[in-house]
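Protein chains in written order, with the working numbering: chain A, 1 to 436; chain B, 1 to 501.
Treat the hints as calculated values from the structure; they're not laboratory data. The beta carbon of each residue, even a glycine, is placed where N, CA and C say it ideally should be. Keep in mind that a hint or two might mislead.
[To be verified] Some chain A residues close to chain B (C-beta under 10 angstroms, calculated; not the full set):
id: 1; residue: G15
id: 2; residue: V43
id: 3; residue: A95
id: 4; residue: G149
id: 5; residue: D153
id: 6; residue: A188
id: 7; residue: L236
id: 8; residue: Q237
id: 9; residue: Q361
id: 10; residue: V408
id: 11; residue: M414
id: 12; residue: A416
id: 13; residue: G430
id: 14; residue: G432
[To be verified] Lysine-lysine pairs mimicking DSSO-like chemistry, simulated, CA-CA at most 27 angstroms apart:
id: 15; chain 1: B; residue 1: K135; chain 2: B; residue 2: K338
id: 16; chain 1: A; residue 1: K101; chain 2: A; residue 2: K118
id: 17; chain 1: B; residue 1: K338; chain 2: A; residue 2: K118
id: 18; chain 1: A; residue 1: K101; chain 2: B; residue 2: K171
id: 19; chain 1: B; residue 1: K444; chain 2: A; residue 2: K101
id: 20; chain 1: B; residue 1: K42; chain 2: B; residue 2: K171
id: 21; chain 1: B; residue 1: K135; chain 2: B; residue 2: K171
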Amino acid sequence: MTAAGAEAIAVALAGTGAEVRPAEPSDVVGGVLPSCVASPATVDQAAGVMAAAAGLDLAVVPRGSGDTISWGWPPARCDVVADLSGMDQVLEYAAGDLVVKVQAGVRLGQLAEILAEKGQRLALDGPPGVTVGGAVARNAAGPLRLRYGLPRDLLIGITIVRPDGALAHAGGKVVKNVAGYDLGKLFAGSQGTLGLIVETTFRLHPLPDLSAYVIEEYRESAAAAEAVLAAAASPLQPSAVELERARVGGPIRVATLLEGTPSGVSARAERMRTLLGRSAETMMAAPDWWGRTGEASPSGMTTVVAGGTLVRVAFWAAELRPVLDAIDTVAGEAGVAVSVGGSAGAGVLYALLAAGQDPGQVAVFVRALRAATGHAAGPDGGGLARGSVVVLTAPAAVLEAADPWGPVPSLGLMRAVKQQFDPGHLMSPGRGPGGI
Amino acid sequence: MGTPLAASPDNGAPTGACAALIPTLEGICGADHVISEPRELKTYECDGLTAHRTAPALVVLPEEAEQVAAIVRACAEAGVPFVARGSGTGLSGGALPRSDGVLIVTSRMRRVLEVDPRSRRAIVEPGVTNLAVSKAVEPYGFFYAPDPSSQVVCSVGGNVAENSGGAHCLKHGFTVHHVTGLEIVTPDGELTWLGDGTGVSPGYDLLGAFTGSEGTLGIVTKVVVKLTPLPEMVRTLLAAFESTSQGGTAVSGIIGAGIVPAAIEMMDALAIEAAEAAVHCNYPAGAGAVLVVELDGPASEVEAEAAAVRERCEQAGAGEIRSADDPADRARIWAGRKSAFAAVGRISPAYIVQDGVVPRTALSGILGRIAELSSAREGVRVANVFHAGDGNLHPLVLFDDRIEGAGEAAEEVSGAILDLCIEAGGSITGEHGVGVDKAKYMPKMFGPTDLDTMQFLRCAFNPRNLCNPGKVFPTPRLCGEVPGVRHGPPPAVAAGELEQF
Ligand SMILES: Cc1cc2nc3c(=O)[nH]c(=O)nc-3n(C[C@H](O)[C@H](O)[C@H](O)COP(=O)(O)OP(=O)(O)OC[C@H]3O[C@@H](n4cnc5c(N)ncnc54)[C@H](O)[C@@H]3O)c2cc1C
Ligand SMILES: Cc1cc2nc3c(=O)[nH]c(=O)nc-3n(C[C@H](O)[C@H](O)[C@H](O)COP(=O)(O)OP(=O)(O)OC[C@H]3O[C@@H](n4cnc5c(N)ncnc54)[C@H](O)[C@@H]3O)c2cc1C
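So that you can see chain B by itself, here it is in the shape it has in the complex (with noise of 0.2 angstroms):
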């Protein structure tokens, strides 16, 4: 992206303009929470995406709101860029720091700040953990429900930035449907609250607006949750198929039956075969497919929705399936799907997990389409993991990397299969967001207008582009350029033009 403005000498240490905000940084959090030194930069320069990497000139560690409030004021200022960073587990280079720019990292804000069971709210700092928060209002009888699978590391505000779902959100939903208020630091350094707490807040819904909108328009420094009520039954549920179509065909009889349990995943053989080697989860032998559904609710629910389950699963020609209610048992029929990602790792030296989406009932003829891109590849597998309910992809790209040209031949596959989820009217992605990762793909997706329309946003927020730059958009948008002529889209801005701010 153009002429850094401050470029970093070899020895990586910072320089000119991000050199010049150590003392004020310092003045603001401390000298121990102002990072300087090349060693223990590296340790930031990158997110769970380790392709992307580059060391921030400065890391800086606020503890209090008004704190990030100042930092960005002085980034502002100096016309240092800046990114916002949570438990770095983003798997799309969201929080790819730069290295002529400030990285502002919240783990030292990790306060649960006020539990309002009565009124089923939660105020918490950006850096808490996802499960943190579940534990904080679990005395209560609440859980907080977007649960995505790092929720042990990954911080809320990381989530707010992603709109992170879970393997819940078929039911319970993602991020937004769950925050209610938000207090940001906009990148002018103001702070200010989207959202009252109620979730009808008079005016533009900003609160709906921000989220997920991957740490571009701003810093979050207090964020409001909703607390749902902890159900009072969780049954899960495993059925073995002989093939992903026939997995299919069940998940087809489940939606149909008005059904819409908590969660359905899908894994095949492949996938199988790796979980298998990690955990031992002994899933049934030998099966081409295993679905896991989870239900939740009350109990007089619960029973009865899962016996519509089994009876579909068994329709559909499900050899074995097991059930399980209290929760060591459970856990043990989620062991082989949680596992799943880390356990690629057992059977392939090096692989590229994918995110992307199709419309459920397409699910059958991609995944006979992703086979075919995998088979005409030497040496690429592709095992496959997902979100059947909602036709949430994760497939995961198997190669040697020790064999020249695999990983091309695997970066290929693996978008190829992004061309497929756009084909078939799906998305590139469900949860890990677009990031540095995928900002390229955005013009398959969206039309040029769409792309502007939506940096209208951005312009209004961040109209000096300092904050998050380069991330989500492959071009960035001049904001002072208002569409004055009020016919078709403006002309489109080469990147790097952006630097003459």
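The following block holds chain A by itself, in its conformation from the complex (with noise of 0.2 angstroms):
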């Protein structure tokens, strides 16, 4: 880009509005230095942005509060990012109602204050810094989607901005609506390649009077896999059952949540105690390990620390011991130091490997885990896949060498959709599986 393109990309973006100004190095996108970044503040705006980018043939990346924007492949090209976090206005609270609209930029801890207000949240356990448009792009979710699911579940309206500034709706503002195609699927995890989500209506659910966690360790996988299977299954109705293991071959810590009534919750706890074991405790506070995808930092958020890598393992419940059992072998086979944890009784788990260590080991450590569990191959003659071991982030070299999304299903439907939506291939180009 010359530099007066970028110039000319500036005085076109800022007649929409938007605050516009060059880009600075900690605008970078996983190496990629955009030339400028344009806040919208409303929707209009945002627009605007958008029609104004497709008009020059520009190529955008959305970012919420920038905590994971480097994560993934790097943008092929990306000129504008469009930063979402001044739109941060809570449009609607409906509490009778158990909804809220909101813009895309409301973080979730200041929304989670807001709802408590009304003994109401939104049921994601996301780090609080963190945008709810981000959350909806990455369909990212902590310990809670074992009962409540992931931002997919809890969104019943959405607005967006497509790759041409056309300002769209789909779904509405009550629980209850099958009018039409529910776009916000389409959205959820979509993480920037179809365009701006701009507004996002949620179902809301009532703050529990009380949450306990029962915890237990097991040195074998086995045992440890019996207990989070029986919890997750067990009719005392845990609203997330996780796990950690801190080091290859050591202890398995498993947690179940438990919320409800006083009364309801301390006849609970006291079941799960025997259901998990002997020497298994009731705590009233989170284990400091609870719902960390890699090392938490100061400010709350969940990043990786630079150069170390996220894996997200996604299995049958039933897996779950060879999955365990798998990382260990493999780690031990790829020489890697690994710890994991995630939300067990949903089928996910988190691998991190800290920065440091050999990419080219990294990457072995992927590409055997996939085949391993048996996901190296795609399912294609229309198999099922039954899991997936996904980078979600990791340094350059180990992202060159093991393919970060692995065998995707149907990505042929999926380019299908990408080619209607932004036909021009203007939006986070080259990030989505298969390059979308």
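Given two chains presented individually in distinct reference frames, assemble the corresponding complex, making use of the accompanying hints.
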């Protein structure tokens, strides 16, 4: 991009009313320095930015808090960062309807405070500093996913700006609604590749009166897996069943979260202790490793320390023990140090490989784990994959040696969807599966 | 919709492209499973919404996913439209056949292929009935949570297409929350899986987008469902009130107390009268409204919540409150509610079942306005049955079809109720879908760009629009027309042009 080009871009975008400034080194996206950062304050400004960018054939990457903006494949091109963190208004809060409509830049923590005043919550336990737009765009969730699902399950309405600058809505502000296609589902997890998420409407849940954590430690993966499966299938209705193993071959801690009325929770916790084992303990606060993917930085954000690798392993819950064992074996063979944690009861684990390890060996670990769990080759021919091993973030050298996405079912249909929404390939080009 | 590709002669036997397909389809499914006899075709001319009727040119009854794929490929090659049908209980004409097309019926695809209790998953074929899934997994201590009232007959494939919910969706969610994998046949005849059964499959959530697409994006041939542990305790409460507004106050109290019951249902005086006439449900005499609240979960929670629910109902002015734990007693409480639709037949010669949604807190106001609407029309009465927890109304518009103009008046009231729902910020359908019946209301709820953008999805899956054409959207979009100029929506496409393909 020439300097004159950058100036022309700035002029065109400024005409939209959005705040526009030249990009700084801290605005880099996966090593790519954009030309400028546009920060719309309104939906119309956001639409204007997209229309102007499309008119100039500029590639756009949306940004929320920027916490994980460089995760995954770098964009093939990035001219403009559309920074949505300034769109931080709560638009409509109907406590009696258990529904809230917010702009995409609202932070989870900010929203939680407002909802807590009415005894309610958005059942999405992400880091407080991230934006709802970012959480939806990643479809990322913490421990509560076992009971409440992912952002896509809580999202009931969405406003998007298409890559051509057109504004579109889907869903609405009532929980029960089957009118039209549910574009919210498509945008949840779209990772900035289909358009901008500018407004979101969520269904809410009451804050529980009491929460208790029942925790037990196991030496063997088999015993830990049995405990996790029993807890998740029990009628005690846990909100979360989490697991942590700080090092390969080390002890495994399992914690379940019970939420409800004070009398209900204490009775359930007692029974959950019996279910988990002799030395299970009940605590009123979460263990320090709860819901932590990677290392929590002081700001409470989930940043994997630069140079670290975070791998998400998804599987059918019955496979928990084989998956834990495969991680152990494969890490041993690759000679890498791995810590494992996550929503084992829901069939999701995160493997963290700390910074400073040989990228070649980290890539070996990823590929070998795919092979060991049966997710190396795509089940083409129409088979059911039953799981995946996805690299969420890793140093560039690792990403080059191991496709972060791995095999993705129905990639052809995904390409067709991308082609419809973004025929010019201007939205976060190259970041999706198969280089979408 | 434009000129049919292959018009049927007066005797209804297939001609042209459809007739030419018969040998191919017989080769795929066997001659016994291809229906072309006009009398037999008539069985399939409508779904649960009998107002719309069209006999298909052909019906095929495949037994395997590969057969469905081969049928779709044959249709695609011949340019013949095709429509999937499960059990035909849909209430929006979603499975309405095309006179120039093939109806693909899944009633022979009824196997439960796998139950994996440890993973809390099962894999079923699309023709399996909703209730059969719960029955198959009950021995393991699980159930399949979405429970449309039609669950004895409706198919899981139909549930996926409609994103069906049931009375218990307030707490447990809809089909989309309980399906983690779909094997589909794409509209060009390819078998592929959306999602991998885990719920966190990489890439776009095509599974979520497909669910609720009313058969317009492809045909489901296998479904991975999530299994939910059977609740330890279920308690059903019945509370009688003088009026629906008192009942509404009780609902607000319950929600305000931080309780999410499995179900909260309300019936007004007219609906109670009908139910009483039909099934003698013995609801408290003289009630202006009854509330049915069901709580499920761990026993200790249910006890605590039930006490709070009772208290809120009393505060709102409830007269009698009944409570039941054992299945037979609970069924007695539900009997009146469950019979309500059919029961109005006892007090009215004809009726229309409407399905609309308003924000829950707008319920009282809307009920008042519905009453105004019906009192303004001679011979039209409205009985209200609704899912009070989530604002999903099922007004039953009663009329006498022997009286000239009564049907039109009822239609008007029914349509005006949807206008009220839209005005209140709600939806034109909470569970019955858009189908053919409500396509004309879509532009009232969504703008032209919204509808155009939704059709991006249709164009990605079903660019030739052969798969269930004419449903959901009032105006089809031409998919070849890529919006090259990126300013504003492309010009609207006139209905009918589509046949140019
Ligand atoms: C417990 C836990 C589990 C997690 N699991 C996962 C996981 O499984 N997968 C995963 O990817 N991440 C995961 N994360 C990380 C999580 O995605 C991020 O913490 C969060 O989503 C980042 O939000 P942000 O506002 O910082 O967005 P950013 O980091 O700024 O952006 C994140 C992504 O979303 C896009 N984006 C942001 N805002 C918008 C918008 N308004 N419209 C369109 N696109 C937008 C960006 O282009 C980028 O691709 C997890 C985090 C936690 C705490
Ligand atoms: C008495 C009664 C009560 C009802 N109660 C409820 C209720 O409580 N909640 C609720 O949500 N609905 C309810 N319904 C509506 C209806 O039962 C549901 O929409 C149900 O999911 C339809 O299933 P079906 O198998 O009958 O589908 P059909 O009517 O055969 O088809 C419905 C739609 O699904 C498509 N379809 C069917 N099979 C497939 C497939 N394999 N692949 C792709 N598309 C397919 C069809 O093309 C059509 O568009 C009720 C209906 C009746 C008659």
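Now for the hints, and whether the structure bears them out:
1. G15: violated, 14 angstroms
2. V43: Since chain B brings no Cβ nearer than about 13 angstroms to V43(A), farther than 10 angstroms, the hint is violated.
3. A95: holds, 8 angstroms
4. G149: Result: holds, 6 angstroms to nearest chain B Cβ.
5. D153: holds, 6 angstroms
6. A188: holds, 6 angstroms
7. L236: Holds, because the Cβ-Cβ distance from L236(A) to chain B comes to roughly 5 angstroms (cut-off 10 angstroms).
8. Q237: holds, 5 angstroms
9. Q361: With a closest approach of 23 angstroms, the Q361(A) hint is violated.
10. V408: holds, 5 angstroms
11. M414: Given a least distance of 5 angstroms, the restraint on M414(A) holds.
12. A416: Holds: closest Cβ of chain B sits about 4 angstroms from A416(A), inside 10 angstroms.
13. G430: Hint on G430(A): violated, closest Cβ of chain B at ~14 angstroms, above 10 angstroms.
14. G432: Holds: closest Cβ of chain B sits about 7 angstroms from G432(A), inside 10 angstroms.
15. K135(B) x K338(B): Distance of about 20 angstroms is within 27 angstroms: holds.
16. K101(A) x K118(A): Roughly 15 angstroms separates the two Cα atoms, so the pair holds.
17. K338(B) x K118(A): violated, 34 angstroms
18. K101(A) x K171(B): holds, 21 angstroms
19. K444(B) x K101(A): holds, 21 angstroms
20. K42(B) x K171(B): The given pair, whose Cα atoms are some 40 angstroms apart, is violated under the 27 angstroms limit.
21. K135(B) x K171(B): With Cα atoms ~21 angstroms apart, K135(B) and K171(B) stay inside 27 angstroms; holds.
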